[in-house]
Amino acid sequence: MHIVVCAKQIPDPETPPSAFKIDAATNKVVPAQGIAPVLSQFDAIAAEAALRIKEAGGEGKVTVISMGAESAQAAIKQVLAMGADEGVLLNDPAFEDGDSHTTAKVLASAIQKLGDVDAVFCGRQAADWDMGQVGLLIAEILDWPVATIAKGASLEGETLSVERVLADGFETVQVPFPAVVTVSNEFGEPRYPKLPQIMAAAKKTVTQMKAGDLGLDPSEVGKAGSRLQLQKLFIPEKGAQVEFIAGDTPQEQAAALVSKLRADKLI
Amino acid sequence: MAAPRDTPNRAQRLVGGWWGPAVGMSALGFYATATAPRDEAGREIFFNVPAGPWAVYVFFAALVGLLVWGFVRHASLWGIGRPTPGLFRDIPQRLRNTARLGLAQDKVRRDRYAGIMHWCIMSSIVVLTLVTAQVAIEADTPLNFLHGDYYLFFSFYGDLFGVIGLVGVGMALYRRYFADFHRIRWDERLEDHIIIVGLGLVLLTGFVVEGARILVTELDAHPDWAVWSFGGFAFAKGLEIFNFAEDQVLFLHEATWWVHVSIAFLWLGMIVFTRLDHLFFAPINAFFLRTDSQGRLAKIENIEEQEVFGVGYVQDFTWKQLFELDACVRCGRCTDVCPANIAGQPLSPMHLIQDLKAHLADVGPAIQQHRHEHGDAGREVSPVALVGEVILDETLWACRTCGACVQECPVMIEHVPTIVDMRRFLVMNEARIPATAQGALENLEMRGHPWRGTSLERTTWMEGLGDVPLFDGSQEYLYWVGCSGSLVERNLPVTTAVFRLLRESGASFGVLGQEETCNGDPARRLGNEYLYQILAQQLVETFKAKNVQKVITNCPHCFNTFKNEYPQFDGYFEVLHHTEFLSKAMQDGSLKATHPIAADVTYHDSCYLGRMNGIYDAPRQIIEMVPGATLTEMQRTLSKGLCCGAGGGNMWQEEVGERRVNHVRSEEAINTGASQLISNCPFCIQMFEDGVPAVQPEEEGRMRPFDIAELLEDAVFGPKAKEETPAAAGDSSD
Ligand code: SF4
Ligand code: SF4
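Chains A and B are the protein sequences, given in the same order. Numbering-wise (the working numbering), the first sequence opens with residue 1 and increments by one. Numbering-wise (the working numbering), the second sequence opens with residue 1001 and increments by one.
In short, the hints are calculated from the structure, not lab data. Don't take every hint at face value.
[Said to hold, decoys possible] Computed footprint of chain B on chain A, listed as stretches where at least three residues anywhere in the stretch have a Cβ under 8 Å from a Cβ of chain B:
#1 5 to 18
#2 27 to 38
#3 192 to 202
All values reported here derive from a predicted model rather than from experimental measurement. Even glycine gets a Cβ: it sits at the ideal position worked out from N, Cα and C.
Taking the hints into account, I'd like the entire structure generated from these sequences.
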């Protein structure tokens, strides 16, 4: 059983609001000074899910793949410290500024290149853009079945049994291998790495791959291959207006409030 | 107002120095041998007990053999531990500890009743042993000195200490059987009854023997000698009433003598099998007591090369840690003061020590044998897991590392390092951590501070303060704000108060602003020594690069870490807690508290400023110099103060148990009737902000927690800070 975990390094979601800045000219988030990027929490949970399946099966391999800059090594090491066996960093300037589709294409190519992959575990969405597309698109490109928003996953004979979160409950589905699973926070907390594993992870080398290694043409990835155009990135202005409702008695005030809310079409 | 102290004063120490008179008296006796002309006052040694001499020597030889055997048996078990570095450094200090803590028993006397009781029993045993030794010397050496005035004097003090011993036994019996006294019954065993009743019998039979002898030999012939042995004299008078025939009295004498000697030796033999071994182990453990600060945890050297991280197997403790398990007398003092135990949480330091001791006895011999045969550490020998089965995870997590147990332990056991060693194993080796504590650790790794989810920046507190100087190496002091001081809403007013007071005092100082990172204390106390070392090394380098020499902190944990722990990383800085700096500034006049603050306050000693670093006076001096403020102490105060509940990383944990420690402590503060609860630690303040409303749900008249700097800020600049907080304004006007 060889499971691939897709992991993304994102700007720290806990960046204090006062330190979160956007460059209007380039439509990009300005990296906050002194605040290091982190592994997307959903991906850490996906790694936990993959590791539990490997451990339950008693054998197998977990490979963590990340597309990103050199700094994403930290995210890969974190998953290695949790217990993953190998790490792959897809680092090429050509990959930058793409959309969900180009990202999925790069990741899917890497998965194909690895060859013997039985399952791909992704977070349900990256905690920065919250699109939730990449996992689905990887399945589409690889033509594999996909189970989304999993709160549980386990091996059942030759298939994967996935418990999914629905709007009004849960369902359990059986998925044949190879398959893609996107994991939700309902799954539970990712593990805290043990020190021996942290130190082993520190010694592991992460394989680097570029567009050429994956047989991809720079024109089909990154900004060049992107189908999605970002129009404008901005921080919404928050405002508050306070109006005191007049009236001599509470009854009158309530009546005035109701007509005001009606007038504003709020009720 | 002089701050109340609870370290023993000179007079108390002298009383503790019981051995002085006893030794002096014996010396007098030897002096008498050489000088006094022989007169006939004296007695026949082994009077009426023909078989006596050989019996005593056989018993004595057996006892010595038993003691040696017992010691070797214990020592071989301690020997499975790791080496203990530095035990023979600071010898003068260690000898002082042995004298004060081991012989004068400073700690035993922290409970006055027990102190008197123990003094009575111990001094009686020691003096009566000396008495017996003198009898032996008289009988079996050419020295003859038990005659004349010295003999009478000898008779007197022998009897005196016999009576003192009986008083001690009486006090012990009262506490054990008649008083509503709990701590000694938390782990009561058969031996406890045997020890105390046995000692009482030894003393009583001693008097009977003496009384019988006096009745036969002295009462009529030398009544003026007899009265010196006043105890025996009284017994003789008592026996006289029965009008026994002389041979009956002689029979009684001989029979009781045998009983007396047998019980005495059996009792001494129990040293090997019972907690009586503290007779030797307590003073030895006083010698082994650490001579550096209690606030310092041991550094794991070459951490990357360890096979196992922390202590998860009994043989990974140092042998000193194993040795002290044997010193424990199950007195319950540690558990009695343990905040976790007081709040009904699953930790009792006494049971922890006893469980470790029992585990060592269970698996120690097998480990020894395995080592002998295989030469490896034998970690797989024990059938039960030390951490998780012998000692539960939740027990280890409940500890506040507050040091109250260490402070009270009469045999100088250090629980905190032992507990943290096992936590280290839990966290680093096993990664078994309560979720919220894990969150704090992950946050430290990812963001360099433990405050998950804060929306503040390290510079937020500076808003509205005008020019805040950044430290560039030219200033005298670095004002270290700390993670709580900058990232927790409630602590920002404390930070600004300290800042304004420093500026007002004219001190030359700067801050690091964005460049501050956590010094690692939460990681170390939570057991992640690896993370701690990374953070500490980083910060020591930053300090050195910036040429930091003197640091002022507003947090006792930062203070303790810089002062006591950074020297382990070659970081030597002069570190002041803000209370120290501010009290000095007030004394030399650079700060003046001119605005009266009419407030009844009570003061909470944080563990890491108080017990761990002995700073009790500076904060009280500040309160004293605030015009209008009156201080009411809580019942548990100074070195007996109770933790707020946050220590040892419990700031980031969910508490399990009946109550929360901060509620208990808040209640104690509220019971003083004060309107403000003054502390010196950002964690304490947060704990009380939560705890006080839980105990006083009514907002009206509710006690308010403040840092001492906030109090002083009002007194120096006028009560501005309180204007924003109406509840406090109400408080300070009453
Ligand atoms: S350090 Fe404090 S909390 Fe921990 S065992 Fe000792 S008294 Fe209890
Ligand atoms: S550890 Fe110390 S204080 Fe606690 S029961 Fe044992 S001897 Fe008493």
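Are there hints from earlier that the structure breaks, and if so, what are their numbers? Failing hints: none at all.
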